[in-house]
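Here the protein sequences come in this chain order: A and B.
Taking UniProt numbering, the leading residue of the first sequence gets 1, the next gets one more, and so forth.
Taking UniProt numbering, the leading residue of the second sequence gets 1, the next gets one more, and so forth.
The set of hints was computed from the structure by calculation and includes no laboratory data.
There's no promise every hint is true.
What the hints assert, rightly or not - Facing chain B, from chain A, some residues (calculated, C-beta under 10 Å):
{"no.": "1", "residue": "Pro78"}
{"no.": "2", "residue": "Ala81"}
{"no.": "3", "residue": "Glu83"}
{"no.": "4", "residue": "Asp95"}
{"no.": "5", "residue": "Glu102"}
{"no.": "6", "residue": "Gln133"}
{"no.": "7", "residue": "Thr141"}
{"no.": "8", "residue": "Val148"}
As the structure is a computational prediction, the values presented were derived from the model and not from experiment.
Don't be surprised by glycine CBs; every beta carbon is placed ideally from N, CA and C.
2 protein chains.
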Amino acid sequence: MRVLVTGAAGFIGATLVDLLRRRGTIGGRAVTALALVDQSVADAGDALAISGDLAEAATLRAIADFQADVVFHLAAVPGGAAEADPALGRRVNLDASLSLFELLAASGRRPVLVYASSIAVYGANLPDLVTPQTPLRPPLTYGAHKQVCEILLADFTRRGAIDGRSVRLPGIVARPGNGTGLVSAFMSDILYALRDGKPFVCPVGPASTAWWMSTSRCTENLLHAAVMDVPAGEAARAWPLPVLRLSMAEVITTCAKLYGADRQQVTFQPIPGVEAVFGRYPRLDDAPSRALGLRDDGSADALVRRALGEIE
Amino acid sequence: MRVLVTGAAGFIGATLVDLLRRRGTIGGRAVTALALVDQSVADAGDALAISGDLAEAATLRAIADFQADVVFHLAAVPGGAAEADPALGRRVNLDASLSLFELLAASGRRPVLVYASSIAVYGANLPDLVTPQTPLRPPLTYGAHKQVCEILLADFTRRGAIDGRSVRLPGIVARPGNGTGLVSAFMSDILYALRDGKPFVCPVGPASTAWWMSTSRCTENLLHAAVMDVPAGEAARAWPLPVLRLSMAEVITTCAKLYGADRQQVTFQPIPGVEAVFGRYPRLDDAPSRALGLRDDGSADALVRRALGEIE
């Protein structure tokens, strides 16, 4: 099985590649070749490195030449950066993704494509329970483009050209925070601060709720998504990853218990715009995702410990 | 008010332009300049003719130079043609539409854009009642691209760059049938055949149901959509036009009553693919659309007579 990862140098991509190398298989089938795609791929080891902008023809040609059986498409301009530069957001998050779908469709191999969508498709003003029927109202261009790519990938799947699977990633922790353009970076940053006994200014209030997952659980889910048995008639081909819904107060309590963190380390200075988008996640009906074998972290303790690299 | 129409040479576009000229106003405000955009615009009269491919830079520049206050975006590659040539469908129905949105957003005028979306966004396997919450599952690439443009236009509206209004057009009759790439052309063709006493082979059965509207009622709705008062918080900015839901048997009965048409003129040879997409439309909850002042044709008689040009 020939496997290609876009955004392979990103923190989820790098964790996914590491997992792929350790396992050597996906769903029991051996990974025989691996290609890593990113703006700059250092240390590809025995993998093929494809360094370049995903929006450029040369990069797309190299991807086409690789003839992948399974593609993990993680490359994206993050939400804050895309909102600040909509043209860049369009070029990478929309146009380049669609060009990738087209070249994979043209390969005639009907490859599996696992698309890293996002809970950014859901939007603000959600009902108390989010279900598969909840209308999507993305509050940022980033989420709009993720929703658009889900629709386009479902259309390629309908046409029998790609076996597309979009999974909506929740707040993934712990990721390196600074300079990545991720508005949600505070969710990771607070874990490090609490463990390390440092003060932290939190842009959402203690009662704010979010959907959490560790990076390693996320990458396990991505691998599983490539081989999970999707029932016929699942036209949308998109699923939220199952989540732990935790308030900021619950996260702080967990860190206090695990690391002796002190609640006084945290000063709450809620920013309305951030809280509206990242602090009001209601309950999620993720039963269809669980039925496919996708999983959350199990507990707040496990989430935090996995996020900080203490357990697998 | 400076008004621009894309797809102005198409049958809906030409009818809309005619209506605009006769009225001279939209919502009581005078139309001071009119621009007609299409591949080839003949006889623009006192309007500015912009002949060219909407996907080409020169065409987009001419549109930008016009500095429109209101845009009706009707240009599209029809469903059958887009399905046969996905690259063409992408170029016009997706890329060119998005480029149009971008240049209008860049104008700084926050123009009103009425986007001719389509009931092709809904898809097969609909519930007995279609509501604003019904998930969209477009069964053709044409419908997927229409849904995508609705989302992108809603995002430009959220950003305050365009005042977007997507209206989903149902089966519009009577439109010229041959060679337009419209799979739904049979809905128009059968009206002409029944009125003119000619035989007709119908690709859907007598009990098949569709959503119908005359061209002239459609263009009145498009004009109204430009000025209707949209409540704040309508994030999706997309509404189905109110429809008459009629079975093919009801349409034939109406033509028999109006024109003495004979049911024996019609031979039913249902094609499963056509019937699945165009013959199983359930009830539509169009109350939100009606509340905004959008209207159906009122009765089957009025629909058919208006479609065949007998009444306004």
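Of the hints stated earlier, which fail here?
-> 1, 2
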